[in-house]
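If you read the sequence shown in this note's numbering, its first letter stands for residue 230, the second for the next number, and so on.
Since the hints were derived computationally from the structure, they do not count as laboratory data. A hint or two may mislead.
Said to hold, decoys possible - Dumping the calculated DSSO-like pairs for lysine-lysine here, alpha-carbon to alpha-carbon at most 27 Å:
hint	residue 1	residue 2
1	K261	K334
2	K273	K455
3	K455	K491
4	K392	K404
5	K261	K273
6	K392	K261
7	K491	K427
8	K455	K427
These numbers were taken from a predicted model, which means no experiment stands behind them.
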Amino acid sequence: MKRALSAAPAAYPSAPQPPTGADVVDVSLVAKARPQQLLPAPAKETDVLGYGPSSVIRIRHGQWLRAHLHNELTEHTTIHWHGIRLPNAMDGVPYLTQDPVFPGKEFTYAFRPPDTGTFFFHPHCDTVNQLGEGLAGVLIIEGDETRPFDADLVCLYRDWRVKDAGAFGPQMTEKGAGTAGTFGSFQTVNDVHQPVFKVPANGDIRARFLNVDMTRIVDLGIENAKGWMIATDGNALDPTPLDTWRMGPAMRLDVAFRAPRKAGERVRLMNYYAAEPILLAEFEAEGPPLDR
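The task is simple: from the sequences and hints, build the whole structure.
Right, dumping it as structure tokens:
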């Protein structure tokens, strides 16, 4: 006898929910376009996609994260939690682990990350355009420190495919798809071109660098300080001297360094994967030097 195939869709996987009394961090993530002065004036504002104020999430190891996604985009989306070991039901793959979240709809992700480290999250729907136009966030699981740093900074790198007037250009071209990728024209850290971070003089600094661009390769290094690699892609390392570290898209590197003793002096974060080194960001010492 032949067996009939059911037309009913397979059930999606399930995931445990936080138990009663669990330490839960609740965040609201509203995916939408928000006007932002990405390019310098007189360029017009750019409609950058994002999750809002909760786009950088910090929780302690052992806590649960409960993230409420509300979709205000013009198309469906999901959230994929990149590099995190979590229940399959929370992985954000449309039609495999969940239905896509359509415009005006919501979905709640809940999980307890088993590892400390620097991670990020992004859509798994129309990823080229949604991620390329800004839709990404950072998830930091704290608890791997032997002692607190004097500053713990996120450095989110992108190369924006944006036109001179401020509107987005194509996120992927046929030429780019057939060669080394579709490169942008405006590089930023935390959506700012060559930002300057103020840090305590002589303080111990942790810089969490994330390459969330879809094409660019970065040879990361620092100048005017001795850098130490303490984690790669969410995995802790014994402190290892940083010369340069090559990073493709989606890679992460946590770097520790001692800030200059003298206020006003700067440490430079550099990309050496270019004909000439590219300044990405600077860290400027301020205040009286800490006793370190």
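Taking the hints in turn, this is what the structure says about them:
Distance restraint check for K261 and K334: the Cα-Cα separation of roughly 12 Å lies within the 27 Å cut-off, and the hinted pair is therefore satisfied. Of the pairs offered as hints, the one joining K273 and K455 is violated, with about 40 Å between alpha carbons and a cut-off of 27 Å exceeded. Of the pairs offered as hints, the one joining K455 and K491 holds, with about 16 Å between alpha carbons and a cut-off of 27 Å not exceeded. At most 27 Å may separate the alpha-carbon atoms for a hinted pair to count; K392 and K404 meet this at roughly 18 Å.
Of the supplied pair hints, the one linking K261 and K273 holds, its CA atoms being roughly 18 Å apart against a limit of 27 Å. For the suggested pair K392 and K261, the alpha carbons sit about 20 Å apart, so the restraint of at most 27 Å is met. Simply put, K491 and K427 have alpha-carbon atoms about 13 Å apart, close enough for the 27 Å limit, and the pair holds. Among the hinted pairs, K455 with K427 is consistent with the structure: their alpha-carbon atoms are about 18 Å apart, no more than 27 Å.
Consistency with the previously given hints fails for number 2 only.
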